Structures are given as structure tokens and as C-alpha cells.
Amino acid sequence: MFRKAVFCLFLVLCAVVVRPVQGFAATEIICSSTTSTDNSGLFGYILPLFEKKTGIKVKVVALGTGAAIEMGKRGDADVAFVHAKEQELKAVKEGFFVNRHDVMYNDFVIIGPVDDPARIRGMKSASEAFKKIAAAGKFVSRGDKSGTNTKELQLWKMVGIEPKGQAWYIEAGQGMEKTQRVADEKRAYTLTDRGTWLATKDKDRLAMAILVEGDPMLFNQYGVMAVNPARFKGVKYKEAMEFVDWLISKEGQQTIASFKDKNGNQLFFPDAK
Amino acid sequence: MSSIYDSFSQALSLIFHLDAELLGIIFLSMKVSCIGLLVAVVLGLPLGVFLGIKKFRLKGILITVLNTFMGLPPVVVGLFLYLLLSRSGPLGFLSLLYTSTAMVVAQSILAFPIVAALTHSAVIGVDPVIGQASSTLGATRLQVSLAVIREARFGIVSGIVAAFGRVVAEVGAILIVGGNIAGYTRVMTTAIALETDKGNFELAVALGIILIAISLLINSVLHIVQKKGMVGVS
Amino acid sequence: MGLRLAVSGIAKSYNGDTVLRDCSFTFKEHGVYILTGPNGCGKSTFLRICALIETPDSGKIDYSLDGGLLRPDLGLRRRLTLVLPKVGVFNTSVSRNVAYGLAIRGIRSHESERRVNKALEFVQLGHKKRQNALTLSSGETQRLGIARALVIEPEILFLDEPTASVDQKNTGIIEDLILQMKKDKRTTVVMATHDREQAEKLADSVLAMKDGKFS
Numbered sequence: 001m002f003r004k005a006v007f008c009l010f011l012v013l014c015a016v017v018v019r020p021v022q023g024f025a026a027t028e029i030i031c032s033s034t035t036s037t038d039n040s041g042l043f044g045y046i047l048p049l050f051e052k053k054t055g056i057k058v059k060v061v062a063l064g065t066g067a068a069i070e071m072g073k074r075g076d077a078d079v080a081f082v083h084a085k086e087q088e089l090k091a092v093k094e095g096f097f098v099n100r101h102d103v104m105y106n107d108f109v110i111i112g113p114v115d116d117p118a119r120i121r122g123m124k125s126a127s128e129a130f131k132k133i134a135a136a137g138k139f140v141s142r143g144d145k146s147g148t149n150t151k152e153l154q155l156w157k158m159v160g161i162e163p164k165g166q167a168w169y170i171e172a173g174q175g176m177e178k179t180q181r182v183a184d185e186k187r188a189y190t191l192t193d194r195g196t197w198l199a200t201k202d203k204d205r206l207a208m209a210i211l212v213e214g215d216p217m218l219f220n221q222y223g224v225m226a227v228n229p230a231r232f233k234g235v236k237y238k239e240a241m242e243f244v245d246w247l248i249s250k251e252g253q254q255t256i257a258s259f260k261d262k263n264g265n266q267l268f269f270p271d272a273k
Numbered sequence: 001m002s003s004i005y006d007s008f009s010q011a012l013s014l015i016f017h018l019d020a021e022l023l024g025i026i027f028l029s030m031k032v033s034c035i036g037l038l039v040a041v042v043l044g045l046p047l048g049v050f051l052g053i054k055k056f057r058l059k060g061i062l063i064t065v066l067n068t069f070m071g072l073p074p075v076v077v078g079l080f081l082y083l084l085l086s087r088s089g090p091l092g093f094l095s096l097l098y099t100s101t102a103m104v105v106a107q108s109i110l111a112f113p114i115v116a117a118l119t120h121s122a123v124i125g126v127d128p129v130i131g132q133a134s135s136t137l138g139a140t141r142l143q144v145s146l147a148v149i150r151e152a153r154f155g156i157v158s159g160i161v162a163a164f165g166r167v168v169a170e171v172g173a174i175l176i177v178g179g180n181i182a183g184y185t186r187v188m189t190t191a192i193a194l195e196t197d198k199g200n201f202e203l204a205v206a207l208g209i210i211l212i213a214i215s216l217l218i219n220s221v222l223h224i225v226q227k228k229g230m231v232g233v234s
Numbered sequence: 001m002g003l004r005l006a007v008s009g010i011a012k013s014y015n016g017d018t019v020l021r022d023c024s025f026t027f028k029e030h031g032v033y034i035l036t037g038p039n040g041c042g043k044s045t046f047l048r049i050c051a052l053i054e055t056p057d058s059g060k061i062d063y064s065l066d067g068g069l070l071r072p073d074l075g076l077r078r079r080l081t082l083v084l085p086k087v088g089v090f091n092t093s094v095s096r097n098v099a100y101g102l103a104i105r106g107i108r109s110h111e112s113e114r115r116v117n118k119a120l121e122f123v124q125l126g127h128k129k130r131q132n133a134l135t136l137s138s139g140e141t142q143r144l145g146i147a148r149a150l151v152i153e154p155e156i157l158f159l160d161e162p163t164a165s166v167d168q169k170n171t172g173i174i175e176d177l178i179l180q181m182k183k184d185k186r187t188t189v190v191m192a193t194h195d196r197e198q199a200e201k202l203a204d205s206v207l208a209m210k211d212g213k214f215s
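Residue numbers (the numbering used here), protein chains in the order written: chain Y, 1 to 273; chain D, 1 to 234; chain E, 1 to 215.
The shape of chain Y in the complex, shown without the other chains (with noise of 0.2 Å):
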């Protein structure tokens, strides 16, 4: 019984082993984007349409936006993806990478509680609503330096307030939905992007609203850079090159501004030179 137990498990691990792995695409890069990208479902609706054109394959692995920009910078990925222009630019100028263009942009938005305990409900600057926020209400923070959380702090520097430690800043450490989620759970505000948001909001039953919108602070754009080569040599860097090649000819751009999400709304913006 014994043997004949193990033999069986023996021919089912054989079989497991041995079958053969699923059919070897011609060339493959790896893509560092962030999970708020990925979650979107962009790179679902473009790569497909990429990969019939060219044969390229694009695996994408999403990170938050520091750590997608790190992963670029130990040659891990081929090409970024990400929003975070500031850094990009920095880490272009150190060398890590080269060719950025910016390729598309959302913007971001305040949401927060319907019934709005802060009273921020239409103002027009992002950082006069954060100086209420701190005063009357709570905000959940990614707290995970991606590019929303960036540019969240970017704010708090505006206005001159250091919200670590403060009982009422909570720092999620998670990605953007499950920041919202935390952030309905805590009746709290936060900062989101308009893409997470109109695809989240009536899935996770958020009973909340976008408070501010529109100032030229929330803007978020998107960039992608190929990994300099002249680094890792690995790289492959041809292939990411037709990537981000694509992605901001008139056809990829086009490709962008068509995908909607579930209700129809369009989430990014192509704006490539």
C-alpha cells in the first residue's frame, strides 16, 4: 500500500515535471510599472495589441513607484513605467536611465467621507484642503513612497505641516485600493488617483466622494525610460526601446486614450510630445 502510494505520487510529480513549459514567446521584457497602473487594467487592454505588432512579450511586475524606479536601477527591468517625473528625471540624470518620455497623465483627487467632517467639499487648492484635513479630520496615507504618496507629502511640505506621528495621519503601507478601503473603514480622507478611483469606487462600496479636484497640483504624469545599457548588460535594451517607441507613436497613444474602463470612463490622458 505503502509503496504503491508513493509510486503513484512519484508519476504524478514526473507528470508535473515534465510537462513541457508553456510555448517560449520570441523575446521578452520586463516591464517595472506601479500597482496602481497595473490594477487599472491598462496594461491588460494595451499589451496584447503590442505584442501582435511587434512579437514582444512585456511582463510586468508592479511595485510601488520607489521601489519600481529601484528595481530600473539594479538593472532588474528592461524598462519603467511609472509617475513620479521628479524621481525619473533624477534617476535618468545618474545614469540608470535613458530615453524618458512622458507618455500619458491622470490627475489626482481628494476623497474622503460623503458627509465631508472637514469641510473641504469643492476647494480649489489641494493644500488649503490638506491645512483642514490636519485640523478637523483624518488622512490615510499610502505611506509606501509611491507616486502617490509622494505627491501627497509634497503637499504637507507646502504647507508647512509634519504629518508623521500625528494621531490623526494613519500610514496604510498598502497599495492605493486598499488605502481607500482603509481610509472608508477610518471615515478618513486620502489621496487618490482619478483612475483607481472611478474603477474602485462602486466595487468596493466606498461611501465616499471626490472632495477637490482641478488644481494644477494633482496633475500625474506618467513617464516610461529604457534601462541604460551601457550599465547592465543584460539588458534588452532594442526591445525596450520599440516599447517605449510605441507607446508614444500616434498609434500607442491612440491605443491609450482608447482604453475606458467597466463604466465607460477614459482614465489616462496621452499627452507624449
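Among the hints, erroneous ones may be present.
[What the hints assert, rightly or not] Stretch-level coverage of chain E by chain D, calculated; a stretch enters the list once three of its residues show a Cβ under 8 Å from a Cβ in chain D:
no. : region
1   : 62 to 74
2   : 87 to 94
3   : 166 to 174
[Stated by the list, open to error] With a cut-off of at most 30 Å between alpha-carbon atoms, the simulated DSS-like pairs for lysine-lysine come out as follows:
no. : chain 1 : residue 1 : chain 2 : residue 2
4   : E       : Lys60     : D       : Lys55
5   : D       : Lys55     : E       : Lys86
6   : Y       : Lys250    : Y       : Lys236
7   : D       : Lys31     : Y       : Lys52
8   : Y       : Lys57     : D       : Lys31
9   : Y       : Lys260    : Y       : Lys250
10  : E       : Lys128    : E       : Lys86
11  : E       : Lys86     : D       : Lys59
[Claimed, not checked] Quick list of simulated restraints, FRET-style, between CB atoms:
no. : chain 1 : residue 1 : chain 2 : residue 2 : range
12  : D       : Ala162    : E       : Ala208    : 50 to 56 Å
13  : D       : Asp127    : E       : Asn15     : 19 to 25 Å
14  : D       : Phe8      : Y       : Tyr45     : 28 to 34 Å
15  : D       : Leu91     : E       : Ala103    : 41 to 47 Å
16  : D       : Ile124    : Y       : Arg187    : 55 to 61 Å
These are calculated hints, taken from the structure and not from any lab test. On a predicted model such as this, the values are computed, not experimentally measured, just so you know. We treat Cβ as the ideally placed atom computed from N, Cα and C, and that holds for glycine.
We have chain Y; now place chains D and E onto it with these hints.
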């Protein structure tokens, strides 16, 4: 937020309408776990037997190290492996980061100490008279070892089951070295983490149920085998 | 006769405790040799050294055949066997236990089955061959040990206290087995027992041991 009941009922309907993507994830999970376990067994079993049979200096230290490594935090293993396999790390030239091979390596590292340590304790649990008896019957040294292993088989299998349990439930290490790339390195546990993050609780619950069901199945089969083999030992 | 064993000047101690001192004896003829003596007088150690599973601290164990000395290698070890007092039953069926000695010699299938059945019939365990060996009583376990030893047709069979923890009925069966072997004259039996009466009943020659020496 949807209720637990809703999540479960929708999860069940997802299970009954398995799509190709879900099947792919399940298959990859099994493949990575099984190969990882296989590697761990191939390396860990002989080491455990060796430690159980031979006497040598530093043996005590080695066993303590193995027992400690049984509780190695997966995230730490993942991190070290990431730094090793990264293109700017010492093994970067292998281009293994973000592949299922890297995940297999992580799984093997996590399972190896469990297999080795539990094999060791199974082997030292065998009555020394077994080895002597096989020796009196004319066994070579290798045959004596095999007889001892055969006597320890149920304990060894328990060790392998424990290692499988760890490997199949593992998420921290394989998330870091695999990258959770859809269709390539996304397995059940990393998919559950991701879908929970995205708020797709139904899919996360469905995957969770499947994961538990598979573990349950494997454990029951082995339990039955164990029980049959344990006749008279009490 | 065939295999001949000459033991000369054997001494053995464990952690400074002397168990055997200057033991010498020559097993020349076929027959049944019984080692007697109180518990702890060194009978077991003597048997283990003779059966080549332990080495003495000093002294010589010489096996010879037709006047030629044999090297103590695997080939020689496979011509003798020792049934330990605890037997050391493998966790598998009775017949697989008995087949073990054949399996490690590469003897399998029909030949093995035939010999296993014969050995089991001899010790009157034929009806239990499919049972897990760990479920046997201590008397049956000793008989299993004897069958497992006899199946490999040893030229010298060492038995260490085969009736020490066994009921009367099984003691009778085991004694009959030894008498049968005595009659067959194929196997030399060297058996340790602390039962003097039993020794007188079975032996061709009795060796009395005391404090690690033959007296």
C-alpha cells in the same frame, strides 16, 4: 464591502467555471511547489539520514542550524535571493530573477531544512536494533542505511508533508523573486494577495478554497497511507 | 566439516567496564554449542564479536575453511548470522521480514518465495506470513527471527537468549527447532542462555561463562 457569504457563493461559482487563466495559475502553483519540494527532498533526505546515522564533530551545531532554518522567514529568504539573482547581484548573469525557476529555488530553500531536520529525527527515532539486525543478516553498509530509512519512512513522509504544506502556502519569498507576473510567475498565493489588494474578494476566496482543497486532498491520501502502515505500532 | 571458528584471547570493555577477558575457544565440529552463565557475564558480547558485528579490543577471531584462513569480509559475514535478543523486526509483513536476507543477496521472486515459505513452515508461522510482523507475540517474534536467519542457510547460527522473554509453549517450540537442527547437522548453532536445564537438554557441548571468562 460585500459580505463573506457573497464572497463565498461567488467563489464557488468561479470554481465550477474554471477558466484557463485560473487553471494556469493552479497548475503553475503545483509545478513550482512540486519541483521545489522534489529538489528539497533530493538534497534534504540524504542529509537527514546522514545526520541520523553518522557521528561526527559539529553535528550538534548543524542540527541546531537546521532546526532554526525550519522557521526561516520567507520574506528574508526572498530578499536574499533577490539580491543574489538581481542583475546587479553576484548571480545576475543567470537571468533568473522574475522566473519560475527563481521561485523553485526559493521554495527549495524553505523546504530543505524541514525535510532534512524531520528526516533526521525520524531516523534517530528508529530502534538501533533494526540496523544491527540487518547487519547480522549480511547487509552492506548501504543496505543497513536503507533498512533504517525504510523503518523511518512514515516519519520521513510526515516531514515531506510538512514541507509541502509550507511550500504550497508560501507567498513572501516567491512574490519577491517571482514578481507575480501574470501568466508567468503568478501562483495561487500571490494571486490571492493581489486580488485581495484589488478588492476582488470572490476570486481571492475561490483561489483560497482551491488551495486548501488541494492541501486537504494530498494530506488525506498520505494520512490514509500512514495509518495503514502504522498497524501494530502502538 | 565446513567453516571452523577459532577464538583466541578475546577481551572487550565498554567505557572502562571489562566485559570479556581472555576468552579462547575453538568451534570444530558441527553441533549445538550452548553458552551459559548468569546475566551480564559477557555471553551477548561474545556472540556479537563471533558474528563479526563488533570488534574486540584485543584477541583474534579466525574463521577458516579446510585449513585456509578467511578474510572477515562481506562474503564471510554472509555465511553466519546472529539472532539478537530483541530480534529487530522490520515494520512490514512477516514474509517480507523473512525475505530480507535473500533480498539483500539479490535473491527474489520464486526462489525467494519458496525458501521463505519453507523457513516459515519450519518455525510454524506459515499461517501468519501476511500479517504485519510487529503484531506478533514475543514468542512468535523469536521464531520469526530464527526463520529470518535460517532462510539464508547460514553455516553458523548464533542465537542470543531466544527463550528469555518467551512463554512455555513457545519455549518448547523453539527448543524443538534447535533439536531438529541438531539432528539435521547442516548448521552449527551457538546459543546463549542463562537456563542451565535448557543447556543440558539441547547441547552437544556446554560452555560455562563467568565474569567475562570461560570457566
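We went through each hint and held it up to the structure:
no., hint, verdict
1, 62 to 74, "violated (count 1)"
2, 87 to 94, "holds (count 6)"
3, 166 to 174, "violated (count 0)"
4, Lys60(E) - Lys55(D), "holds (27 Å)"
5, Lys55(D) - Lys86(E), "holds (24 Å)"
6, Lys250(Y) - Lys236(Y), "holds (24 Å)"
7, Lys31(D) - Lys52(Y), "holds (28 Å)"
8, Lys57(Y) - Lys31(D), "holds (22 Å)"
9, Lys260(Y) - Lys250(Y), "holds (18 Å)"
10, Lys128(E) - Lys86(E), "holds (20 Å)"
11, Lys86(E) - Lys59(D), "holds (29 Å)"
12, Ala162(D) - Ala208(E): 50 to 56 Å, "holds (54 Å)"
13, Asp127(D) - Asn15(E): 19 to 25 Å, "holds (22 Å)"
14, Phe8(D) - Tyr45(Y): 28 to 34 Å, "holds (30 Å)"
15, Leu91(D) - Ala103(E): 41 to 47 Å, "holds (45 Å)"
16, Ile124(D) - Arg187(Y): 55 to 61 Å, "holds (59 Å)"
Going through the hint list in order, the structure does not satisfy hints 1, 3.
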